[in-house]
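Taking the hints into account, I'd like the entire structure generated from these sequences.
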Amino acid sequence: MQEVQNLPLVVDMDPGYGNAVNVVYAIPKLADACTAAVVIEDGIFSKNSSLRSGGRHPLVSVECFQGKIASAKDISYMLVFARTKALIAGMGVETVRRGVAYAEAGADAELVHFKEKTPDEVVKFCGEWVSRSYRLGRLGRWEMRDRSFVGIML
Numbered sequence: 248m249q250e251v252q253n254l255p256l257v258v259d260m261d262p263g264y265g266n267a268v269n270v271v272y273a274i275p276k277l278a279d280a281c282t283a284a285v286v287i288e289d290g291i292f293s294k295n296s297s298l299r300s301g302g303r304h305p306l307v308s309v310e311c312f313q314g315k316i317a318s319a320k321d322i323s324y325m326l327v328f329a330r331t332k333a334l335i336a337g338m339g340v341e342t343v344r345r346g347v348a349y350a351e352a353g354a355d356a357e358l359v360h361f362k363e364k365t366p367d368e369v370v371k372f373c374g375e376w377v378s379r380s381y382r383l384g385r386l387g388r389w390e391m392r393d394r395s396f397v398g399i400m401l
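Residues 248 to 401 in the numbering used here are what the sequence shown lists, from first letter to last.
Just so you know, the hints here were simulated from the structure itself, not pulled from any lab data. Wrong hints could be hidden among the right ones.
Pairs of lysine-lysine, DSSO-like flavour, derived with a Cα cap of 30 Å [to be verified]:
| id | residue 1 | residue 2 |
| --- | --- | --- |
| 1 | Lys362 | Lys320 |
| 2 | Lys320 | Lys371 |
| 3 | Lys276 | Lys320 |
Label pairs and their calculated CB-CB ranges [claimed, not checked]:
| id | residue 1 | residue 2 | range |
| --- | --- | --- | --- |
| 4 | Glu250 | Pro305 | 38 to 44 Å |
| 5 | Gly339 | Ala280 | 35 to 41 Å |
| 6 | Gly374 | Lys276 | 18 to 24 Å |
| 7 | Glu341 | Asp259 | 32 to 38 Å |
| 8 | Glu351 | Glu250 | 34 to 40 Å |
| 9 | Cys311 | Lys362 | 21 to 27 Å |
Where is the CB? At the ideal position from N, CA and C, for every residue including glycine.
In structure tokens, the structure reads:
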């Protein structure tokens, strides 16, 4: 793809194709394709759509996901965006704990996935968590008075 365009390539790895061993296998292949960044989520493998009504949203342990992040960072120049489904799973405060742990493991950014009709949950998360890494959030059409606490809105 990089031969025909010059935009950074970002690859969504979903839950990282399983465990850290699979991340270690995939990252060099993605690097060969000139990938600039990967997005890995903390849901279990195999992927279960977050948008499905009444769906279950089990997450891997924080330690397991930190291993995936650290493995990707150890073997590559790529940016690693950690996506958490903790808000969708109804875990509230756990979202902050996971965000901090993922940043400590080396995540370059956190993407907080949510599906509520208002941004209240993700705004609360961003206000409670102070980190050096960027925060990414899908805020859609909402207008927000103070966006200074969100690095990038998708």
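Point to revise | Non-conforming hints, listed in increasing numerical order | key: Hints 6, 7 contradicted; others consistent.
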